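Note that the protein sequences, when read in sequence, are chains A and B.
For the first sequence, my numbering puts the final residue at 115, and the numbers step up evenly by one.
For the second sequence, my numbering puts the final residue at 112, and the numbers step up evenly by one.
Check the hints yourself; a few may be wrong.
What the hints assert, rightly or not - DMTMM-like, lysine to aspartate or glutamate: derived pairs with alpha carbons at most 20 Å apart:
1. K99(B) x E62(A)
2. K42(B) x E103(A)
3. K42(B) x D84(B)
4. K68(B) x E56(B)
5. K99(B) x E103(A)
6. K57(A) x D84(B)
Simulated from the structure, these hints should not be mistaken for laboratory data.
Note that this is a predicted model, so its numbers are computed, not measured.
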Amino acid sequence: DGGITQSPKYLFRKEGQNVTLSCEQNLNHDAMYWYRQDPGQGLRLIYYSQIVNDFQKGDIAEGYSVSREKKESFPLTVTSAQKNPTAFYLCASSIGTSGLYNEQFFGPGTRLTVL
Amino acid sequence: KQEVTQIPAALSVPEGENLVLNCSFTDSAIYNLQWFRQDPGKGLTSLLLIQSSQREQTSGRLNASLDKSSGRSTLYIAASQPGDSATYLCAVLTDSWGKFQFGAGTQVVVTP
Chain A
1 DGGITQSPKY LFRKEGQNVT LSCEQNLNHD AMYWYRQDPG QGLRLIYYSQ IVNDFQKGDI
61 AEGYSVSREK KESFPLTVTS AQKNPTAFYL CASSIGTSGL YNEQFFGPGT RLTVL
Chain B
1 KQEVTQIPAA LSVPEGENLV LNCSFTDSAI YNLQWFRQDP GKGLTSLLLI QSSQREQTSG
61 RLNASLDKSS GRSTLYIAAS QPGDSATYLC AVLTDSWGKF QFGAGTQVVV TP
């Protein structure tokens, strides 16, 4: 089955700790994204990547970092600099080209809670 | 900057009624518009993709229309069922490679 997997499903972080959220896709998509979702708000873009070894900051990148060493993988690190990280994190991917047909697909999400 | 709005934020309908969900956007220069469904604590599931050159798209009980000139899209769900209870989000594609702008969603409850 083609799709996007995220792990872990739940993650707890202590103050001052860095944590890494995993995102893997087997859809052969070029573009991958990380979003943050807070209650009552739409999705906000953290980082996105169009190709391997390249990524761009989204609207709320402060306190987060990413890497894109493989086409299939786009891990997100939530650093201690992120002051309010408790949220639901969603990873997505899309073909990345041919704008009209560019459809986004999502993983199941990771819920991060700060203790 | 593109802004996407979904009103109302929540609605409740009795089973069997047709659902009408609205999505508006400020910049008509979009490549496509996508409707999603999100169940509590889950990821987003793609429902329909409407390309900018299309006026509507249909899948089963779902029909989505797009009017770029007025910056609006409407998702119709016919003969609603309790299983349709979820949050529905729309997103517009503003860059050819794939930068999407999302609305905050409409939370729908279908009562038996």
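Hint check results:
1. K99(B) x E62(A): The hint holds at about 19 Å.
2. K42(B) x E103(A): 19 Å, holds
3. K42(B) x D84(B): 15 Å, holds
4. K68(B) x E56(B): 11 Å, holds
5. K99(B) x E103(A): 11 Å, holds
6. K57(A) x D84(B): 35 Å, violated
Consistency note: the structure conflicts with earlier hint 6 alone.
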